[in-house]
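**Student:** I would like the entire structure built from these sequences, with the hints used as guidance.
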Amino acid sequence: MATTQTIIEFAEGRAPRPTDKVILQIVYVCGAFDLFHIGHLSFLEEAAKLGDYLIVGILNDQIINEYKGSNHPIMSLHERVLSVLAYKPVNEVVIGAPYCVSDDIIDRFNISVVCQGSRVPHHDKSGNDPFEAPKRRGIYCEVDSGSDMTTEKIIERIIEHRLEFERRNRQKEAKEEAAFAALQKMKLNGNAVDTRNAVNI
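Just so you know, the sequence shown maps onto residues 1 to 201 in the UniProt record's numbering.
Calculated from the structure, these hints are not laboratory results. Just so it is clear, CB atoms sit at the ideal spot from N, CA and C, and this is done for glycine as well. Among these hints, one or two may not hold up.
Restraint ranges, calculated between C-beta atoms of paired labels, are given here [said to hold, decoys possible]:
1) R157 to R136: 35 to 41 angstroms
2) I158 to L41: 17 to 23 angstroms
3) K88 to N65: 26 to 32 angstroms
4) I95 to A179: 24 to 30 angstroms
5) H78 to K172: 37 to 43 angstroms
6) I158 to L183: 53 to 59 angstroms
7) I154 to Y67: 14 to 20 angstroms
Straight line, CA to CA, 27 angstroms or less: simulated DSSO-like cross-link-like pairs of lysine-lysine [as the list claims (entries may be wrong)]:
8) K135 to K49
9) K172 to K185
10) K68 to K135
11) K88 to K185
**Tutor:** What follows is the structure in structure tokens.
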């Protein structure tokens, strides 16, 4: 269970201040960041290069389930927040960020650049462009992470490995059943049973 102390330990622990000479541009990205993987890492690294302070909006479970369906997200909101905060380029997260990047969010956090990955699936939740405001204000951009890895691909791999595991188990069970049947037949025929040579399991 996540606590505020846990989050503080993972976070940088400060917001950009007007006196910070190095804080020139605040970059904002948002997403599910479920099953945190190399695609996420690469995207955040590229986004961080566009400014001096990176804020990541983490969508809540309900929003993700609405546009991805099925059993998404796999990880809870707190698990996803801690996974993102643990990555060095991330300075701050917005927990339960809204799906649409509104003017209010841009003004509240003094955002200079809003980024989206160019290789991620573009989920359409309501028919409205979630990046309409930053596009209108000319601060939207897409970045290429250089990675085609997605959460969906990881899930597909897990399913494929599970199916292969089940296939091997079925083959093993079939051999064991054949061995048992052969032993039973030999017993019924009154033959001496050598379990080492009856059937090769």
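**Student:** Find the hints from earlier in the document that the structure breaks and name them by number, from lowest to highest.
**Tutor:** 4, 6, 11
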